[in-house]
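A.B. asks: Listed here are the chains, written in short residue letters.
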Amino acid sequence: MAADGTLGALTLVLGGARSGKSGFAEDLVAQSGLVPVYLATGQAGDEEMTARIARHRARRGDEWTTVEESIELAAALAREAAPDRAVLVDCLTLWLSNVIAAGADVDGACAALAAALDRVEGPVVLVSNEVGQGIVPDNELARAFRDHAGLLHQAVAGIADEVYFVTAGLATRLKPR
Amino acid sequence: MAADGTLGALTLVLGGARSGKSGFAEDLVAQSGLVPVYLATGQAGDEEMTARIARHRARRGDEWTTVEESIELAAALAREAAPDRAVLVDCLTLWLSNVIAAGADVDGACAALAAALDRVEGPVVLVSNEVGQGIVPDNELARAFRDHAGLLHQAVAGIADEVYFVTAGLATRLKPR
Amino acid sequence: MAADGTLGALTLVLGGARSGKSGFAEDLVAQSGLVPVYLATGQAGDEEMTARIARHRARRGDEWTTVEESIELAAALAREAAPDRAVLVDCLTLWLSNVIAAGADVDGACAALAAALDRVEGPVVLVSNEVGQGIVPDNELARAFRDHAGLLHQAVAGIADEVYFVTAGLATRLKPR
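Protein chains in written order, with the working numbering: chain W, 125 to 301; chain Y, 125 to 301; chain S, 125 to 301.
Quick caveat, the hints were computed from the structure, so don't treat them as lab data. Computed from a predicted model, the values in this text were never measured in an experiment. Glycine included, each C-beta is placed from N, C-alpha and C at the ideal position. Fair warning: there could be bad hints in the mix.
What the hints assert, rightly or not - Derived list of chain Y stretches under chain W, where covered just means 3 residues or more per stretch with a C-beta under 8 Å from a C-beta of chain W: (1) 132-140; (2) 203-214.
As the list claims (entries may be wrong) - Below, a list of computed lysine to any residue pairs in the SDA-like style, where the Cα atoms sit at most 20 Å apart: (3) W:Lys299 - S:Lys299; (4) S:Lys299 - Y:Arg142; (5) W:Lys299 - W:Ala279; (6) Y:Lys299 - Y:Thr189; (7) W:Lys299 - S:Leu134; (8) Y:Lys299 - S:Leu134; (9) S:Lys299 - W:Arg142; (10) W:Lys299 - W:Thr130; (11) S:Lys299 - Y:Arg297; (12) S:Lys299 - W:Thr296; (13) S:Lys299 - Y:Ala133; (14) Y:Lys299 - W:Arg142; (15) Y:Lys299 - S:Asp151; (16) S:Lys299 - S:Ser194; (17) Y:Lys299 - W:Phe148.
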């Protein structure tokens with residue numbers, strides 16, 4: 125975010141599990157003064173996820189519009205983004221795992237998302253999990269997932285105006301330097 | 125640490141496995157000129173841990189007082205901290221796993237620790253492992269552990285005067301910027 | 125790399141899986157104007173690795189000389205490095221896993237590598253994976269691997285002129301600050 129509080133067109137917020145990345149992204153959106161839209165990619169499929177969604181919703185408060193889209197993220201962004209709205213996507217890695225679980229073409233979906241982000245008509249903040257800094261997983265699916273996530277992060281960071289990495293609630297700006 | 129070698133009241137040193145975080149934290153304490161106190165949270169329960177404890181002890185040398193406390197960390201800090209002493213806690217993630225293994229109330233223990241850190245009467249340096257930047261663990265206990273660790277790091281970083289992240293022996297200061 | 129495009133004698137490029145670290149390291153070498161030499165430590169033992177090697181080779185293009193050495197890295201560096209050549213080692217963590225798999229003396233091999241890097245007669249860029257920021261692995265071999273990797277990274281970073289950490293294609297310089 126620029127010093128005058130203007131939110132960049134496209135912002136990527138990366139961080140590990142429970143690093144405070146969603147809270148940081150919510151603050152960026154709230155401080156922009158735009159209409160805040162929460163685009164949730166998580167599906168309340170189990171108890172852990174249901175609890176997490178409820179906790180995030182309570183923290184955000186009532187001003188936010190919540191939209192849920194677990195797979196067709198490119199279409200949802202085209203629909204929801206507008207110059208007077210700030211759309212927070214939480215999060216890319218959940219979306220990616222939904223796309224993989226649905227048996228969809230992952231590379232195609234990631235390319236379509238990048239193209240949609242390039243065309244989007246209002247500010248978008250994307251939250252995503254860093255998953256590639258641990259030991260190589262035994263599990264082939266997990267290895268493929270972290271490869272897709274790493275490539276997606278590179279693609280989005282490449283077109284983003286601002287990229288942040290959040291550690292223990294503290295954000296480091298990686299782009300622009 | 126300030127340019128004059130003064131150690132802040134509360135310092136958090138985060139880093140991955142074998143990142144050099146303990147060595148960096150020991151240097152902070154040694155350079156403070158205060159009486160160095162090593163508050164070890166690890167239990168010499170297996171061969172790996174016994175070897176690690178012996179290695180850390182040999183590196184520190186004889187000037188250090190070593191205190192062991194695997195669970196009651198808040199009480200130990202209240203007892204050990206003093207204006208002329210610098211207490212190094214190594215490490216928070218081991219303490220957290222001890223608390224979980226003991227079946228204690230984890231959120232309560234973390235809140236009590238944060239409260240103790242707020243009241244402590246001398247400089248404290250806390251070392252902890254970043255564990256949230258790999259793939260989501262299959263194991264539910266491991267997922268819960270990294271969630272607790274991430275929340276604890278956010279809470280401690282929030283009240284710390286200084287936060288460092290150590291990678292390959294090189295420390296980056298995250299707070300203050 | 126200095127502002128005049130001079131490549132330091134020894135550069136370490138760390139990053140997670142698919143973080144863009146190899147591409148960043150290739151750019152450093154390409155921009156140096158020296159003869160680019162690719163020292164591959166990976167063995168095309170399975171389909172994933174064969175595909176990865178082919179993809180990296182296609183990206184680099186024809187100007188590069190490719191040398192393969194999976195174990196005797198210290199000797200290969202002594203042979204390949206020269207003042208008019210820039211040698212890119214991709215990557216240290218693959219080499220480390222080859223050394224471990226061969227049942228060799230890991231500490232001895234790491235010490236020999238560090239000694240070779242100290243004596244090398246031309247610029248070297250080393251790429252390596254950060255593997256220590258996830259949850260502690262259940263598997264004893266994986267724990268030993270990440271311990272060796274962390275210690276190796278500390279040793280190499282200690283003698284390197286420049287150290288970078290790459291996240292989502294964006295490089296942060298850790299040394300010099």
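A.B. asks: It remains to establish, for every hint, whether it holds in the given structure.
C.D. replies: Against the structure, the hints come out as follows:
no.: 1; hint: 132-140; in the structure: holds (count 3)
no.: 2; hint: 203-214; in the structure: violated (count 0)
no.: 3; hint: W:Lys299 - S:Lys299; in the structure: 19 Å, holds
no.: 4; hint: S:Lys299 - Y:Arg142; in the structure: 18 Å, holds
no.: 5; hint: W:Lys299 - W:Ala279; in the structure: 14 Å, holds
no.: 6; hint: Y:Lys299 - Y:Thr189; in the structure: 28 Å, violated
no.: 7; hint: W:Lys299 - S:Leu134; in the structure: 26 Å, violated
no.: 8; hint: Y:Lys299 - S:Leu134; in the structure: 30 Å, violated
no.: 9; hint: S:Lys299 - W:Arg142; in the structure: 28 Å, violated
no.: 10; hint: W:Lys299 - W:Thr130; in the structure: 16 Å, holds
no.: 11; hint: S:Lys299 - Y:Arg297; in the structure: 13 Å, holds
no.: 12; hint: S:Lys299 - W:Thr296; in the structure: 17 Å, holds
no.: 13; hint: S:Lys299 - Y:Ala133; in the structure: 27 Å, violated
no.: 14; hint: Y:Lys299 - W:Arg142; in the structure: 18 Å, holds
no.: 15; hint: Y:Lys299 - S:Asp151; in the structure: 32 Å, violated
no.: 16; hint: S:Lys299 - S:Ser194; in the structure: 28 Å, violated
no.: 17; hint: Y:Lys299 - W:Phe148; in the structure: 15 Å, holds
The structure fails hints 2, 6, 7, 8, 9, 13, 15, 16 (numbered hints given earlier, in ascending order).
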